[in-house]
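Residues per chain are reported as follows:
Number of protein chains: 2
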Amino acid sequence: MSIHGKNFIGNKLSATGDKSSKIYDINSGNALDGDFYHATSYEVNTALQLANKAFIVYKQKTQNQRADFLDAIADEIMNLGDELILRTMSESNLPRPRIEGERGRTMGQIKMFATLLRDGSWVEASIDTALPNRTPLARNDLRKMLRPLGIVSVFEASNFPLAFACAGGDTASALAAGCPVIVKAHSSHSGTSELIASAIIKAVKKCDMPSGTFCMVHGSGRSVGQQIVMDERVKAVGFTGSTQGGMNLFNIANKRKTPIPVFAEMGSINPCVFLPSSLEDTKKLASMYAFSITLGVGQFCTNPGLILAIKGAKLEEFKSDLKKEIEASSPAIMLSKSIQESYEENKNKAIEQDGIILLAQATQENTSSQGRAVFTSVDAEVFIQNNKLQEEVFGPYCLLVECKDIKELNEAISCLDGQLTATVMGSNSEIVEHINLISNLENKCGRILFNSVPTGVEVCHSMQHGGPFPASTDSRFTSVGTGAIKRFVRPVCFQDCPSEILPQELKDENPLNIFRILNGENTKNSV
Amino acid sequence: MSIHGKNFIGNKLSATGDKSSKIYDINSGNALDGDFYHATSYEVNTALQLANKAFIVYKQKTQNQRADFLDAIADEIMNLGDELILRTMSESNLPRPRIEGERGRTMGQIKMFATLLRDGSWVEASIDTALPNRTPLARNDLRKMLRPLGIVSVFEASNFPLAFACAGGDTASALAAGCPVIVKAHSSHSGTSELIASAIIKAVKKCDMPSGTFCMVHGSGRSVGQQIVMDERVKAVGFTGSTQGGMNLFNIANKRKTPIPVFAEMGSINPCVFLPSSLEDTKKLASMYAFSITLGVGQFCTNPGLILAIKGAKLEEFKSDLKKEIEASSPAIMLSKSIQESYEENKNKAIEQDGIILLAQATQENTSSQGRAVFTSVDAEVFIQNNKLQEEVFGPYCLLVECKDIKELNEAISCLDGQLTATVMGSNSEIVEHINLISNLENKCGRILFNSVPTGVEVCHSMQHGGPFPASTDSRFTSVGTGAIKRFVRPVCFQDCPSEILPQELKDENPLNIFRILNGENTKNSV
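Just so you know, the sequences run in chain order A and B. Just so we're on the same page, our numbering is the position in the first sequence counted from 1, plus 204. Just so we're on the same page, our numbering is the position in the second sequence counted from 1, plus 204.
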């Protein structure tokens, strides 16, 4: 299958614009197969029209029908076979095992939502039956459940070309919720996106979903992306990427005639607090953290960019051990030329800040496509005064904040911005002793880990991936795990609704056999 | 108890400012008891400091402790006895039965949240246990639950001086969630607010909650209100009132260094769609709707401000019947002088719009404190073109939109702004026939009612009070019913957390006996 570079306007391919982009191999500089046609304003508008019409039909599909559709998407993506793997490898510079793993994760996510739909209880159905004889006022029959918001605009991330992209968590959860999706493809892996989009369209047709249930367009965030988010027909936005990109969308969305929710996951430096007991085996600790810092060339949103610890002989040992690990680490190819360049620039800016000490960097010189790990330190007093030291350096960069005592450590925690994760290393008795410090840290993050490294985000019910601003724009939601579906729904209450038109989830007989809050009781009983 | 007019800065009273306001009797123009001292910037800051410190302690209180606290608040409010009723009557011009009923509703809300806390399952606890032997990667132990956001800023509404005010739904749900509350008292019923605040402070002391768990300040929205919402220590805002007031807070909150959620319920015109069969008994229908339009002088957020119907002989009959009802209705005293003046102004502006026909108004002249009911009509074609006709006229005002057929009725629905409620009148068979029209209407509202009037908002699990913008700023949440607590919490995931510091809700043995999602299963089982 050759790459055509066209936009997916509902089930139709379209390339009427006169602007296009290419993708280049990071090492050779040679162009990869495909000219990607930026969507015209007319094409974007047609996509929105189709998606808006599709919503009328798609929202009426049963949860089982949507589950079958998701399974069909997963099947069609697997049917792409090695062509997908190869294209993604060449666009992302990620090795085969990582891409195959990420495809597995993507399949897992899609099927997880299918399972959630077949179970059906996630809709938070609640029924309060009528009390016609209540005094002084009768109670009406009230039934509430979560219903889809409408068209969802999804922006692909650069660092997960499959799992946070065209058929990634945002798309899977929005489709699961009953919302049509319009994807803005990422310019660094548009060929991967095209292959995935073609698989989704096959599933749309196979499952007889309306054209417009899924669309994908190419083009810049500033023109194509902005047009989509500004359009009143769009009801929510999913985004994973830079703070600047996320905040642009957030500000646009809030200035619309009708503001809409933007779920932007904008990164995090993932503070790791080393309580004194954790420094007993400094070699083990250094090796554990060096692995996490350099994993995937540091290009994970949960990369440990910040360590906070108390000064002393054991911390000096740890610094020396981590220094050796970082120096011995191999520079590796980053996701794209522009990400490599940003890493160099941001790393240098960070090192130039007052009070920053460069403790170590990978001794092996990097090529112009590679990132080289860096380990720095700063005194807590300086860190507390300079908020710039909290800016994320996307890549294998880690800053150690040295505190004079537990009080200063707690002060440093108090001044932290919102984070996706925070980690505590220490013995159980030490953790119990510092419960207030840990409670303080909990206020700053969406997930708090104990005696581990922050990299690795499990896809499951209990995952929270999203933290207080600026980690994400809305800490009340997660972009990973079953909870992600809650971003694209809202409760609707049906009062005295004729049974004939009540959604299945709210009918007396409970035909889907789901858990409901029936007059305050959590039960599968019928009314 | 005389009214002192001071600010409640935690458990201390304070009146260090040099600015104060009085409240005047709407009829006599005489000042009521009390000078209300506007909080100074220093006082507001002290309140924020205390609330921030209180959060550290208050968030660690168990659900049962918070439930006892809520019950104590309810008890102390009842202990205020008739003094509260009399003060509220003189400040709001609402009759005794209404105020006593509203006090009952307020008690009911507070006790409902206490019951919710004692049940405990609302926290959405979810546990995925560790899978150490899973390949290729082990799974960590992950446990998630809803945790309090931090300080909540509450703005009192004018139209419910008890139920949407100092100890109303916003305060009760925020305190239930584990968040300290800072109330900005409404200038039209500050004496009522003072009495309620004094009752809350008694409960704070009785239950040994930290000073700062509750604060209340007087002053203008532009100075005192703005200072609170702009402060980085504040984590969420609850508001019920005008579109302008709500949007001011929404815009301030989004421009902060860290944007925060604002739950502003900003009103609604509550469209009522009359399908042809509903016009069979026009007398009964007209009497039902005249009652709802004039109830409480139309000062309810679910007041039916818009009727949509199809032209014909039966509609002419209905118009004539409703005209008689409206003409015969008695003008009545409104909540305040400024609300009465706004009603006059907005009503006149509405009537002056092109194409509006004044069908009826109460024949009895109103005094300068009274509102007089008005019934107007407009052709659907004009309505669809002029969005100004959707602006709420807060008071007993209703506009009939006359459509030529069901298609035009559907078009008129399509152009509606977001609403708190929408109502459908019609036979079951007609409702089934027009399922797409009803689905279209559902997209526009938070609650859809059948064969009823929109006034009357039940406080229960299944209530949804909050709709698509501009009815409220966040349609995914409700300000009435148990769901209101979800506005002030966010999920936090604990990974491999030592059992000693896990919240009770997430401990293996399930000591609170709550429902949890345990490895995907909804159960009360222990791990």
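Note that these hints are calculated values from the structure, not bench results. Wrong hints could be hidden among the right ones.
Since the list gives no way to pick one copy over another, a pair counts as held whenever it fits inside one copy or between any two copies.
As the list claims (entries may be wrong) - In the DSS-like style, the derived pairs of lysine-lysine whose C-alpha atoms are separated by at most 27 Å in a straight line are:
| hint | residue 1 | residue 2 |
| --- | --- | --- |
| 1 | K690 | K728 |
| 2 | K257 | K611 |
| 3 | K711 | K265 |
| 4 | K223 | K410 |
| 5 | K690 | K461 |
| 6 | K515 | K315 |
| 7 | K528 | K265 |
| 8 | K690 | K263 |
| 9 | K541 | K226 |
| 10 | K488 | K728 |
| 11 | K265 | K611 |
| 12 | K553 | K461 |
| 13 | K406 | K711 |
For a quick check of understanding: which of the numbered hints are violated here, in increasing order? Numbers 4, 6, 7, 10 and 13 - these are the hints that the structure violates, sorted from lowest upward.
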